[in-house]
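Residue numbers (the working numbering), protein chains in the order written: chain A, 1 to 273; chain B, 1 to 266.
I should point out that these hints are in silico values taken from the structure, not numbers from a laboratory. For glycine and all other residues, C-beta sits at the position ideal for the given N, C-alpha and C.
Stretches of chain B that chain A covers, calculated by requiring three or more beta carbons in the stretch to come under 8 Å of a beta carbon on chain A: (1) 162-172; (2) 190-200.
Some, not all, of what chain B presents toward chain A, calculated at C-beta under 10 Å: (3) GLU158; (4) LYS175; (5) ILE186; (6) PRO187.
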Amino acid sequence: MPAVEFEHVSYQYKSGVKALDDVSFTIERGELVVLMGENGSGKTTILKHLNGLLKPTEGRVVIDGTDTRTATVAQLAAKVGLVFQNAEEMFFESTVREEVAFALKNFGYSEDVVKRRVEWALRFMELDAYAENSPFILSGGEKKRLALAIVLAWGPEIIALDEPTIGQDSLQKEKMAEMVRLLNTQGKTVIMASHDVEFVADLSPRIILLSRGKVMGDGDAEEVLTDMEKLAKCSILPPQVVATLNRLQDLSITRRTLSVEAAAREVVEKIWR
Amino acid sequence: MALSLFEGLRFKPGKSFVHKLDPRAKLLTSLLILITAFMYTDVVIISILLFLEYVLIRVAGVSGMWLKTLRGALPLATIIFVITFFTRMTDKGITFITFYESFAFAYRLVVFLSSFSLFFLTTTPEEITLTLTKLRIPYQYTFAFVSAIRFTPVLAEEMQSIMDAQRARGLELDKGGFLQRIRKMIPVLVPLLVNVLRRSYELAEAMEVKCFGVSKNRTYLKELRPTGKDYAFTAVVIALFTIVVVARIFYIQPALHIFGSLGLLG
Numbered sequence: 001m002p003a004v005e006f007e008h009v010s011y012q013y014k015s016g017v018k019a020l021d022d023v024s025f026t027i028e029r030g031e032l033v034v035l036m037g038e039n040g041s042g043k044t045t046i047l048k049h050l051n052g053l054l055k056p057t058e059g060r061v062v063i064d065g066t067d068t069r070t071a072t073v074a075q076l077a078a079k080v081g082l083v084f085q086n087a088e089e090m091f092f093e094s095t096v097r098e099e100v101a102f103a104l105k106n107f108g109y110s111e112d113v114v115k116r117r118v119e120w121a122l123r124f125m126e127l128d129a130y131a132e133n134s135p136f137i138l139s140g141g142e143k144k145r146l147a148l149a150i151v152l153a154w155g156p157e158i159i160a161l162d163e164p165t166i167g168q169d170s171l172q173k174e175k176m177a178e179m180v181r182l183l184n185t186q187g188k189t190v191i192m193a194s195h196d197v198e199f200v201a202d203l204s205p206r207i208i209l210l211s212r213g214k215v216m217g218d219g220d221a222e223e224v225l226t227d228m229e230k231l232a233k234c235s236i237l238p239p240q241v242v243a244t245l246n247r248l249q250d251l252s253i254t255r256r257t258l259s260v261e262a263a264a265r266e267v268v269e270k271i272w273r
Numbered sequence: 001m002a003l004s005l006f007e008g009l010r011f012k013p014g015k016s017f018v019h020k021l022d023p024r025a026k027l028l029t030s031l032l033i034l035i036t037a038f039m040y041t042d043v044v045i046i047s048i049l050l051f052l053e054y055v056l057i058r059v060a061g062v063s064g065m066w067l068k069t070l071r072g073a074l075p076l077a078t079i080i081f082v083i084t085f086f087t088r089m090t091d092k093g094i095t096f097i098t099f100y101e102s103f104a105f106a107y108r109l110v111v112f113l114s115s116f117s118l119f120f121l122t123t124t125p126e127e128i129t130l131t132l133t134k135l136r137i138p139y140q141y142t143f144a145f146v147s148a149i150r151f152t153p154v155l156a157e158e159m160q161s162i163m164d165a166q167r168a169r170g171l172e173l174d175k176g177g178f179l180q181r182i183r184k185m186i187p188v189l190v191p192l193l194v195n196v197l198r199r200s201y202e203l204a205e206a207m208e209v210k211c212f213g214v215s216k217n218r219t220y221l222k223e224l225r226p227t228g229k230d231y232a233f234t235a236v237v238i239a240l241f242t243i244v245v246v247a248r249i250f251y252i253q254p255a256l257h258i259f260g261s262l263g264l265l266g
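Based on the provided sequences and hints, a complete structural model is requested.
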């Protein structure tokens, strides 16, 4: 059974804006998928459909065999952990530990399970040193990690991240990429919305390319991020390595790759000849 | 649903007669509707007021937003109904007049809220500023008031996204008893308050950067200049209000008379 199925999903906001237009795709368990597209392309709308915050106007969304129209947000949230773009602005508890425990209490876990899971999530996200601190005094990167720790604590099979690298410096981005890879290695299905081509290229996931609520492309990172025409249609700049190779066409370099090493080797070989 | 109340505070651009009216005329209309609504507990009179508002709203072409305000006012109206009902019940027992008065109190609150919605939906923040300045309210206070109005819909959106985020953490806001539901609002209200404070600091800094308050003699890009239409409109509104006041003095309350003749008032 696939983790996520979108079947001809359309969604129109109350304002009349059609955010999704006949979107169909399937995501298998354990896949790492990134949704890419310009602002307003429907990335966040798709993520909000995963845990039932939004229900399709047309079509259906099936999560782990459950049609989202037949389940509550709380029931779906147990399967799908969604980390919002500004999740750090939703903190309200007095300590980091309590912030992580909040969702576990909502899901009705016993006290010792809550304690164990909180400790595990804080250690996993390297936040155990701040357990008794106020979440409000954490740095930007730590807040992002706390938002992820909150979701990981209840162990959802699907992790959805909305723009996880916004406001992060390069070191924090690297750490985030590491965490995403680790989660994926552990068998979690990770679905991300991101603008950050370099971050995405580095992760090498499957990419679903969106524009104005429609799927424009779906394939592995190398295939999608080297397709200049499709990227242009979705207002996405290619990764630097692809852009560089593109400018070296005079050297009759035709290879398109996301690997800096492979690109460098190609260029050196051409020049050497 | 209650969040839709704030939709009625958001200016909706338009070129209608109501949009072009002098904001002072619109403010006066809203105030007179408010006073009339407080003078009467008669549902016929309150319904006439609502109808007059509806006509202006239709002319302005903002009925969708206005209806949202009405819908958003329903929870507040329900609270007013319940409080009035229990207060009156102790005096008069459960009678028709207890129900009637409770309903009338709730109904006029809806009329009062929607009358201001008419003003805010058709008046730009700049015009509100100019209106209040003309009323000799210091600009600092005017600015604070207009900013509050301007940010209210933004805060409503923010509150919605905080609610979504907490629901994504398994918080079931619509489950449980009254007290439980109020307790469940803490995870929504604390982040909202924090965000409001953060935004107010940022706004204060941005205003200082733009030299807010440096010159005592502030000038405005636009000036309010009433036209013949504004005077005519104001004259009609004042005439209608005079009729209403006279009717009140002579105790003309159609609904109460009808119910009285049916023997429902005891």
